[in-house]
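**Q** Please model the complete structure; the sequences and the hints are all you need to start from.
Everything in the sequence shown is counted per this note's numbering, starting at 814 for the first residue and increasing by one.
Check the hints yourself; a few may be wrong.
[To be verified] Restraint ranges, calculated between C-beta atoms of paired labels, are given here:
{"hint": "1", "residue 1": "Ile841", "residue 2": "Arg939", "range": "22 to 28 Å"}
{"hint": "2", "residue 1": "Arg944", "residue 2": "Tyr852", "range": "18 to 24 Å"}
{"hint": "3", "residue 1": "Pro935", "residue 2": "Leu897", "range": "37 to 43 Å"}
{"hint": "4", "residue 1": "Arg939", "residue 2": "Ala887", "range": "21 to 27 Å"}
{"hint": "5", "residue 1": "Ala891", "residue 2": "Val838", "range": "45 to 51 Å"}
{"hint": "6", "residue 1": "Asp932", "residue 2": "Ala901", "range": "22 to 28 Å"}
{"hint": "7", "residue 1": "Ala831", "residue 2": "Leu857", "range": "15 to 21 Å"}
{"hint": "8", "residue 1": "Ala859", "residue 2": "Arg892", "range": "18 to 24 Å"}
{"hint": "9", "residue 1": "Ala887", "residue 2": "Ala859", "range": "46 to 52 Å"}
FYI, nobody ran anything at the bench for these hints, they're computed from the structure. Glycine residues also receive a C-beta, built at the ideal position from the N, C-alpha and C atoms.
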Amino acid sequence: MRTIPSAALLRADIRATALVEFAIVLPILLCLLAGIVGYGRYLLIAHDAQQIANDAARATIAGLNTPERRSLAAAVVARGVRELGLSADRVSQTVADDAGRVTVTVRIDTGGDALLSTDLIPLPGRIVERRAVVAPGGIR
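**A** Shown next as structure tokens:
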């Protein structure tokens with residue numbers, strides 16, 4: 814017949830303590846890792862949106878009128894989206910030409926990104942919007 818170990822023997826037995834500690838710490842570590850990956854991806858997309866807007870704004874300097882500037886910006890945005898591997902249907906741009914300044918706005922919808930669609934951690938909004946402003950016309 815088996816005997817039940819005494820309380821003193823159970824307190825002295827430390828064979829499974831590492832497993833219990835790991836089970837307690839693992840969810841916290843997974844949340845931390847998910848946060849690092851999620852925010853890293855979000856910041857990468859935000860940086861890419863700013864770079865695309867900057868490139869498009871620089872390209873509008875060569876345009877002589879508003880329609881030409883819009884087509885130049887659209888071509889640069891399309892090329893940037895293609896080079897970065899983003900989905901073209903999730904990216905939009907607007908070009909505003911007023912008061913001697915051209916403003917290019919790039920919006921990227923991150924809703925289709927698997928790393929950013931998790932509810933495990935709170936992330937910033939779905940839409941990443943970045944602007945770049947340039948004053949065409951050379952020296953005044």
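**Q** A separate judgement is required for each hint: does it hold in the structure or not?
**A** Going down the list of hints, with the structure as the test:
no. : hint                         : result
1   : Ile841 to Arg939: 22 to 28 Å : holds, 27 Å
2   : Arg944 to Tyr852: 18 to 24 Å : holds, 22 Å
3   : Pro935 to Leu897: 37 to 43 Å : violated, 25 Å
4   : Arg939 to Ala887: 21 to 27 Å : holds, 23 Å
5   : Ala891 to Val838: 45 to 51 Å : holds, 47 Å
6   : Asp932 to Ala901: 22 to 28 Å : holds, 27 Å
7   : Ala831 to Leu857: 15 to 21 Å : violated, 36 Å
8   : Ala859 to Arg892: 18 to 24 Å : holds, 19 Å
9   : Ala887 to Ala859: 46 to 52 Å : violated, 21 Å
Violated hints, listed in ascending order, are 3, 7, 9; each of the other numbered hints is respected by the structure.
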